[in-house]
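Visitor: These are the residues of each chain, in order.
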Amino acid sequence: MINNIRLHRGLDIPLNGDAQQKIWKTIVPDVIAVKPTDFENVMPKLLVNEGDVVKAGQFVFTDKYRPEIGFSAPCSGKVKSIVRGEKRKLLAVEITPDSTFDYVNFDAVKDIEKTSREDLVKKLLDSGLWASIIQRPYGIIANPNDTPKAIVISAFNSAPLAANINFTMKDEIENMQIGVNALAKFTRGRIYINLSAKDYAASPLYKLKGVEKTCFEGPHPAGNVGVQIHHLCPIGKGEVVWTIKPMMLAAIGKLFKTGIYDLSRLVAITGSRAENRSYVKCIPGISMHSIQEAVGNKEEKIYGEEVGIRYISGNVLDGENVGPDGYLGFYDDQITLISEGNYREMFGWAKVLRPKKFSFSHTYLSFLAPRKKYNADTNLNGGVRPFVVTGLYEKVVPMDIYPVYLLKAILAEDIDKMEQLGIYEVIGEDLALCEYVCPSKINVQEIVEKGINLMIKEMA
Amino acid sequence: MNRILKYIDKIKPKYSKGGKFGWLHSTFEAFESFASVPATVTKSRTQIRDCVDLKRVMITVVVALLPPLFFGMWNTGDQHSIAFGLDWSFWMKVWFGFYKILPLILVSYIVGLGIEFASAQIRGHEVNEGYLVTGLLIPMIMPIDVPLWILALAVIFAVIFGKEVFGGTGMNIWNPALLARAFVFFAYPSEITGDTIWIEGLTKPEAGLHIVDGFSGATPLAQASSGMPTPSFLQMFIGNIPGSFGETSTIAILIGAIILICAGVASWKIMVSGVAGALGIGLLVNAFAAPGTYAAVPAVYHLVMGGFAFGIVYMATDPVSSCQTEVGKWIYGFLIGAFCITLRLFNPGYREGMMLSILMFNTMAPLIDYLVMRPNINRRMKRAVAAVNEESKTE
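Top line first, the protein sequences correspond to chains A and B. When we follow our numbering, the leftmost residue of the first sequence carries the number 20, and every step to the right adds one. When we follow our numbering, the leftmost residue of the second sequence carries the number 10, and every step to the right adds one.
Hints are not guaranteed to be accurate.
BS3-like mimics (lysine-lysine), calculated; alpha carbons at most 27 Å apart, straight line [as the list claims (entries may be wrong)]:
no., chain 1, residue 1, chain 2, residue 2
1, B, K52, A, K392
2, B, K19, A, K370
3, A, K108, A, K74
4, A, K476, B, K52
Since the hints were derived computationally from the structure, they do not count as laboratory data.
With the hints as extra help, turn the sequences into a complete structure.
Guide: Below you can see the structure in the form of structure tokens.
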């Protein structure tokens with residue numbers, strides 16, 4: 020009997036644009052980007068020059084402050100260009116892939132049981148796959164010298180339109196098992212696999228052995244690993260829990276099985292502006308141009324204004340707006356295409372009904388049509404104001420936390436208060452829904468990020 | 010419709026920073042965003058936003074205030090016609106009330122919004138919508154005969170000292186509308202007390218009008234506290250009794266409460282626990298009261314007399330000045346109700362307890378929240394200590 024944890028608070032935003040469960044094609048990229056901006060709290064130190072030839076699994080840059088952690092090219096090819104932004108900030112290393120996939124050979128591990136922890140860690144570090152292990156608190160890349168009190172893996176996405184892990188990981192059971200066996204060496208505690216209560220038996224992760232399985236039930240963010248940790252093994256001061264996404268677990272398995280750095284994955288193309296909504300097989304760093312056939316080419320007008328398309332790597336709640344020339348992020352298995360919201364709606368706020376818009380609040384009547392789905396757009400739907408409405412954030416945060424007070428402590432830069440109110444237990448994505456529902460349009464994730472950066476600086 | 014937007018676009022450069030009227034950009038922005046939801050798009054990681062904004066929240070409260078507002082108009086006319094023995098039709102009474110309340114609402118909005126716009130302008134902020142509600146609440150909790158200059162002063166005091174000195178909307182400690190009422194109450198006691206102020210024209214009857222013999226104009230609360238019989242429960246529940254403009258009709262206020270609760274704008278927890286607190290103290294005192302005394306007035310009567318219903322529905326639930334934790338809201342509401350009835354029963358100098366009770370617990374709200382959050386913080390801190398101990402054991 021699997022332990023079942025039921026969460027009541029949260030919100031599933033009803034959006035149009037789910038991906039069909041079929042593989043549309045394998046993307047053969049003409050350019051691949053490795054982006055330092057995908058990794059939180061990393062200061063990149065570039066290791067390659069334009070024109071260099073790299074293999075898949077070879078470092079492109081490392082973290083200046085933790086040089087043992089490197090970031091590898093996911094494919095072999097020639098470094099096409101190094102993209103820098105303001106103040107010469109490194110934004111991306113673009114690689115032109117060659118036709119043959121040349122991998123660095125890291126040697127397969129025959130018997131994980133007999134291999135020491137140090138050897139496994141070294142292999143992960145050398146290959147660049149260490150970056151796939153994220154630690155809590157802070158949601159940054161784990162420290163190889165830590166021994167986490169547990170490793171927690173969420174086996175389902177609850178975010179809007181998210182990729183279905185039951186589908187994307189169904190052929191990866193063996194690889195994931197190898198990954199789990201390896202991770203078991205890293206922790207004193209348990210490895211938790213958290214399944215969706217709806218269809219846990221169908222999950223490929225349900226078949227994994229040597230793990231503690233728990234079912235989570237309820238609306239988003241029930242699938243967020245931060246929320247799950249809060250209910251399974253809450254993080255106190257000085258404690259560390261590691262997390263990893265199932266597809267990264269499979270990549271670790273592949274590394275130990277075959278000795279290569281292989282990040283290929285199934286990525287869901289979703290959103291109301293996508294036409295061919297299905298899955299593509301690709302590696303991270305593919306350009307948005309390579310999915311151009313899936314982008315709707317119909318022009319769309321909202322209230323007389325022509326609206327463009329926003330390209331999001333990830334989901335609508337915590338993805339990154341990468342733009343039409345951007346690239347798929349390292350940790351992402353979803354691309355969302357929605358309309359931009361650069362239109363004006365006359366007296367929108369005063370309308371009795373706004374049938375095309377969803378609202379969590381009952382001040383509009385969308386709650387009377389619970390099955391209706393909506394086309395999302397990026398309009399802010401109002402002006403930025405101070406905190407006024409109370410009790411709203413709590414309705415979408417299924418944790419024993421007072422979000423508004425935590426945010427205020429962060430704004431006041433009060434380290435003690437932040438600790439007391441649970442800064443160690445959240446990262447931006449866990450409070451993304453607060454930002455979504457906020458009538459004052461406060462940038463909640465930005466505030467949380469600021470708090471985390473402050474903690475990292477103060478605690479170092 | 011589009012013509013308005015086009016016109017706004019046309020004059021926009023003039024009112025933007027650097028333009029001829031650039032110093033008016035906050036004012037311009039306020040009118041622009043009033044006419045249409047702006048075309049701003051999200052910039053942070055949350056790429057989409059709910060379509061609710063503060064304007065919608067505030068307009069919902071204004072809508073919820075309409076039932077007592079309309080009832081107040083009729084009641085003003087009705088009370089006036091009773092006091093002077095006039096035989097007026099329904100619509101004449103409504104028209105009379107409308108004619109009397111309009112100047113108060115206009116003064117409240119013009120003075121209050123004027124200060125709001127000016128201070129937003131000075132700070133370079135966007136203009137906040139909070140005053141849309143406050144500006145309507147203030148006339149509704151005043152006696153209809155309040156002189157306009159006193160009203161204007163009260164509004165100035167409430168907006169500047171109740172709100173702007175703390176940093177504007179969202180930062181205030183006390184409910185600004187109640188602060189306006191308290192200001193009038195304490196600063197102009199002679200103009201604003203007595204039994205005759207609640208009915209239009211009763212203090213200084215116009216020429217040609219004669220007060221009906223034996224008519225006092227006292228509110229039911231005043232009657233009860235001086236040992237006189239009150240109107241029936243039903244009459245007080247419906248609300249055709251003397252009192253402040255918007256507070257008399259419990260039934261109209263209940264309709265407003267239903268709107269607020271359905272829309273999720275005001276906390277039902279505060280309302281329910283407020284009623285519970287009032288009934289609790291009321292019934293307790295009833296149990297020990299000698300028959301026929303003020304203390305023996307049934308507890309439920311207190312719910313429909315005076316400003317209790319209006320206060321607990323519209324004022325105590327103000328999200329900014331009330332408790333912010335959900336457990337805190339239960340405590341806060343209960344204490345307001347209980348304290349209000351205590352004041353009414355045991356303070357002979359002051360018959361209406363609601364205003365002071367709410368202001369009192371506005372002040373206490375952060376303390377209540379602090380106490381409510383304490384266990385949460387302690388749980389977390391205990392965990393941290395346990396973790397450290399375990400760490401030292403294994404090492």
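Visitor: Is the straight-line distance between the alpha-carbon of K19/B and that of K370/A 27 Å or less?
Guide: holds (25 Å)
Visitor: Taking only the CA atoms, is the gap from K52/B to K392/A under or equal to 27 Å?
Guide: holds (24 Å)
Visitor: For K108/A and K74/A, compute the direct alpha-carbon distance and say whether it is at most 27 Å.
Guide: holds (24 Å)
Visitor: For the pair supplied as a hint, K476/A and K52/B, is the alpha-carbon distance within the 27 Å limit?
Guide: holds (25 Å)
Consistency with the previously given hints is maintained throughout, with no hint failing.
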